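Sequences listed follow chains A and B, in order. Residue numbers for the first sequence follow the numbering used here, so the first one is 263 and each next one is one higher. Residue numbers for the second sequence follow the numbering used here, so the first one is 263 and each next one is one higher.
Rather than coming from a laboratory, the hints here were simulated on the basis of the structure. Keep in mind that a hint or two might mislead.
All copies of an identical chain are treated as equivalent in the list; a pair is satisfied when it fits inside any one copy or across any two copies.
Stated by the list, open to error - Calculated lysine-lysine pairs in the DSS-like style (CA-CA distance at most 27 Å, straight line):
id, residue 1, residue 2
1, 373, 543
2, 273, 300
3, 516, 472
4, 273, 373
5, 543, 300
6, 267, 373
7, 431, 359
8, 362, 373
9, 592, 711
10, 359, 373
11, 273, 543
12, 431, 651
13, 592, 472
14, 273, 359
This structure is a prediction, so every number in the text was calculated from the model and none was measured.
There are 2 protein chains.
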Amino acid sequence: MEVTKTLDRFKALLYQLNDLRTASSVLGWDQETYMPPKGVEARSRQIATLARMGHELFTSPEMGELIQNLEDTGLPQWDPDSDEARLVRLVRYYYDKQTKVPGDWVQAFSKLTSEARVVWREARARADFNLFRPYLERIVDMVREYANFFAPYVHIYDPLLDNYERGMKTAQVRALFQRVRERQPRLLQRILERPQVDNAFLHRYYDPQKQRELIQRMVAHIGFDLERGRIDLSTHPFTTSFSVNDVRFTIRIKENDLSEVLSGGLHEMGHALYEQGVDPKYDGLPFGHGVSLGVHESQSRLWENLVGRSRAFWAYFFPVVQRVFPENLKDITPEDFYRGLNRVEPSFIRVEADEVTYNLHIILRFELEIALLTDELQVADLPAAWNEKMKAYLGVTPPDDAKGVLQDIHWSQGSFGYFPTYALGNLLSAQIWRAMARDLGNLDDFMRKGEFQPLLGWLQERIYRHGNKFEPQEIVQMATGETIQADPYLDYLEAKYGDIYGL
Amino acid sequence: MEVTKTLDRFKALLYQLNDLRTASSVLGWDQETYMPPKGVEARSRQIATLARMGHELFTSPEMGELIQNLEDTGLPQWDPDSDEARLVRLVRYYYDKQTKVPGDWVQAFSKLTSEARVVWREARARADFNLFRPYLERIVDMVREYANFFAPYVHIYDPLLDNYERGMKTAQVRALFQRVRERQPRLLQRILERPQVDNAFLHRYYDPQKQRELIQRMVAHIGFDLERGRIDLSTHPFTTSFSVNDVRFTIRIKENDLSEVLSGGLHEMGHALYEQGVDPKYDGLPFGHGVSLGVHESQSRLWENLVGRSRAFWAYFFPVVQRVFPENLKDITPEDFYRGLNRVEPSFIRVEADEVTYNLHIILRFELEIALLTDELQVADLPAAWNEKMKAYLGVTPPDDAKGVLQDIHWSQGSFGYFPTYALGNLLSAQIWRAMARDLGNLDDFMRKGEFQPLLGWLQERIYRHGNKFEPQEIVQMATGETIQADPYLDYLEAKYGDIYGL
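Isolated chain A, as found in the complex (with noise of 0.2 Å):
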């Protein structure tokens, strides 16, 4: 078969389980969003048969050979950047991903971390530890035997580490992570000895309908496209894309807490622009989404952050929300609603953390994680770990395990190695914004006058439109022509909230 012909195969079974995973995808969004509550079962069993059609495709001989046929024929004759040669690269990579693990395993684990997810509820509600610790412990054996399926490696948690940050290594976190640590907890200390924020007018009632459509008239102008996309409601907010031009978002509005809707709202926004933004010819192909987790929620964290929480962006969008609730706001100035949205306070809980504490709370996992793992720590002795870690880096310690260690979901479905992408997305989204602005000049000049199309179309062009075709750090580099780096947002910390809290 001439490589042409071979090429349209390999692309009409990617095509194929493209279909596939976003059919799913909609199955997914429907049971979040407008599924009723006894249409479960059936979902998970929709959900089910398509994943495994899909592994079934993905890892068939067929798929091999077509593989190792484009890399003995293609790849010597392509340009090493061209889509061809990149394409088959990381299809490979991910066929070997997926190969490397014996049905053995994936089945065994599935069923483990399906009954973890259930005990870890249960757990949680009652603040059992102990409940948990069996399924914990089966789970760390079984993530270490997945770790050893891609032996030889430097770190155990490096596989791990790959599954969401493609290429990034354990030592490299370790190294920004240090920095933060050296850095971080300071600033916290030093926010903590002056008087605090007032944020109490976010607490008034507001009314959820109006919060919905503010949400949706904000995210509108600054350029999320509701042509090609649209916003629901959901317990947990999420992104979700079906195609380039199909791309969702939900929020979670509380009627006495107006930054939900906002910090959430523009958060998966950051997410969606992202994903409509991938260049429409990767429809459909695996380079047809954002690149990885770090990166993607390097621009979540920037829409939501550096651009959601600035003095710049609300005073241009102070007004707007004024006028939808004058009776909240009517004595609010734009100075007090930015600092509002900005009050530094510690919290057990790290989705409730604010941008001063959250990557405090990303460190402590990492370092359990990989205590774990080592065997330096037994998951027995995980809780006094965790709450010494929470007064030590962020001086508090939770009341019970409910609020501690039993908090997040990950663990309980085996996801480790996850954390660490929340925090490079934080570090990368300064990062960004300083390169952008070495580009584009002074970014809070643009936000003032309520025109963001300048700093998405720098992100389209040096980020998004690339989608999934090059690796996160190839990404990074490209566009801030630089290795991802912790200073940048720890200097815009100490500055913003130097400023803030009067330091």
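Model the placement of chain B on the given structure of chain A, informed by the hints.
Okay, now just chain B, sitting in the frame of chain A:
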């Protein structure tokens, strides 16, 4: 392989097929309700991929061998009415339907009808039949070819009818329609000689959100389970089922026509009650949904008309509606409301037809379809034949072909044999109603008290729970003790409209 193992594998494939089919239904539901406009291209690809994979799986050699094996080893030992025996026979029926049609024909027909649909829309917009004519000519040719894949047959229309109403024959439909033609046009004629009923109050402004809440309350009261289903908005109302525990229907709301949501809502609720009423043990198997278009339509029409256009129903529900819209309905009595909802008026458009004219629209189409397929009528002469029959049966002549021969999508999709099921549903609705009254006594007494559980319970016991296990005509026999009849419906019409119009 012993028979239980063969049966297990057979069922596993059927469950897998059902997951693919229902996943596709979720995608279709989303497309009509929430999908952003530009999502349509990817959505078509996703649905096409699921359909293709389902077709490949169902027509695979393995499926053929499993059926054959179960016919050889299972059928001789099983009770012919057992679930097992019925399942094998039903799947054999579908398997032969699919495998007797050559892949080339399917592909060519799919291409022709997708083009034809686009051209039909254009032709209807311009009221220009000649645009559509060459496509319809090719469609008629190909439909004839299709029928011949199922030769020998008594009538060329039989294999087409069978696609929508399994086991129904052209001769049987002809006899039923003959009876309708004897009585229904005469009733219409007599009604038109009488003073018209006033329904102007239905065309006041009715707040859409309140309409939506009203219909939701009404159907929940009647017995639609909102824990196992939901109601959304769409341009064309429809019902869809993803499992017996997730059945959804849509409504269309017109600000200036309250009857739209009432009749459309109760119609779709009828379909949905049927789907929710299937025995849960059949969920995921080919038994797990309603039995045929005609029987299905009998339930939508029964709830829409026999229930939802009855005096007794509005004796209970009019006060509810009046409380929701006090301004609009303060001067209206339950009797006014009942009469307004039953106004008879011949129109050009089938989907706007009332009870007295609906069947006549169908008989016209049935006769034209047969004439085209048997070459008694040429496509070129179709518009003239259409208008002649409209004059003869309904006494009106369409002003142009958009309001005449071009009004329905069915022929552009190649759906010959579909139309009769609408009228069969009408006939069956009254026949089933009569049988229910024989068992339960005066049904009006229940409705006047707002008690629908006895009616729903009877239908569930006699019809719904069986799903698709039996043949449509067996279901009719089991529910009513008779074969399908025209007279119960004609008696119902004459009594009801004789009273309303004082004949």
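A quick look at each hint next to the structure:
1. 373 x 543: Answer is between: at 25 Å across copies they meet the 27 Å cutoff, but 38 Å inside does not.
2. 273 x 300: So residue 273 and residue 300 pass the 27 Å test across copies only (23 Å; inside, 38 Å).
3. 516 x 472: both (12 Å within a copy, 24 Å between copies)
4. 273 x 373: between (33 Å within a copy, 23 Å between copies)
5. 543 x 300: Close across copies (15 Å), not inside one copy (39 Å); limit 27 Å.
6. 267 x 373: Between copies only: 24 Å across, 40 Å inside.
7. 431 x 359: within (16 Å within a copy, 57 Å between copies)
8. 362 x 373: For residue 362 and residue 373, only the intra-copy Cα distance (19 Å) is at most 27 Å; the inter-copy one is 42 Å.
9. 592 x 711: within (22 Å within a copy, 53 Å between copies)
10. 359 x 373: within (20 Å within a copy, 39 Å between copies)
11. 273 x 543: within (13 Å within a copy, 41 Å between copies)
12. 431 x 651: Cα proximity of residue 431 and residue 651: one copy only (23 Å, versus 78 Å across).
13. 592 x 472: For residue 592 and residue 472, the Cα distance is within 27 Å only inside one copy (16 Å; across copies 33 Å).
14. 273 x 359: within (19 Å within a copy, 32 Å between copies)
Checked against the numbered hints above, the structure violates none of them.
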